[in-house]
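**Student:** Using the working numbering, you'd call the opening residue of the sequence shown number 166 and step up by one each time.
Warning: the hint list may mix true and false statements.
[Said to hold, decoys possible] Label pairs and their in silico Cβ distance ranges:
| # | residue 1 | residue 2 | range |
| --- | --- | --- | --- |
| 1 | Leu221 | Ile273 | 20 to 28 angstroms |
| 2 | Leu270 | Lys245 | 36 to 44 angstroms |
| 3 | Ile209 | Ser248 | 17 to 25 angstroms |
Hint data in this document are derived by calculation from the structure and do not stem from the laboratory.
None of the values given here were measured: they were computed from a predicted structure.
We treat Cβ as the ideally placed atom computed from N, Cα and C, and that holds for glycine.
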Amino acid sequence: MIFFNTIFVLTFINFLFFSFGFVLLNILKNEKQKIISIFYGISIISIITNIFYFILNFNISKILIFLIVVLLIISIINFKDKSFFSYFFSQLKYFLPMFIVGSFLALIYNEQFFIFRGNHYDSSNYTSMS
Numbered sequence: 166m167i168f169f170n171t172i173f174v175l176t177f178i179n180f181l182f183f184s185f186g187f188v189l190l191n192i193l194k195n196e197k198q199k200i201i202s203i204f205y206g207i208s209i210i211s212i213i214t215n216i217f218y219f220i221l222n223f224n225i226s227k228i229l230i231f232l233i234v235v236l237l238i239i240s241i242i243n244f245k246d247k248s249f250f251s252y253f254f255s256q257l258k259y260f261l262p263m264f265i266v267g268s269f270l271a272l273i274y275n276e277q278f279f280i281f282r283g284n285h286y287d288s289s290n291y292t293s294m295s
């Protein structure tokens with residue numbers, strides 16, 4: 166079950182980033198770089214989150230609600246464009262193998278794989294500090 170949940174969440178995050186970047190590139194009328202819209206989307210969401218959290222003092226839950234509402238609006242705009250899904254699926258074929266490998270590792274190692282546990286020098290550092 167964790168395998169499919171991880172793939173679903175990663176694909177949704179990919180869709181989120183790609184949607185934001187696709188709208189930006191449509192506004193800029195840049196047809197050549199639509200395949201890498203995900204990187205523009207990551208930049209936009211990082212900037213929005215940074216501004217809302219540090220300058221406007223919003224908490225994370227309000228920022229998340231804002232991003233989901235904006236994503237719904239952007240999705241309606243993107244669904245009108247016929248080329249959106251062709252670009253999305255063409256870039257997804259590069260990310261999907263990474264999602265599958267990461268999900269497969271999560272299936273094998275459970276949560277212990279994702280937790281950063283440090284190296285062997287950290288244990289002596291932690292015990293000397295206590």
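**Student:** So, for every hint listed, does it hold in this structure?
**Tutor:** The hints, checked one at a time:
1. Under the hint 20 to 28 angstroms, the C-beta atoms of leucine 221 and isoleucine 273, about 42 angstroms apart, miss the expected range.
2. Hint check: leucine 270 to lysine 245, Cβ distance near 38 angstroms, so the stated range 36 to 44 angstroms holds.
3. Distance hint for isoleucine 209 and serine 248: a CB-CB separation of about 20 angstroms, consistent with the stated range 17 to 25 angstroms.
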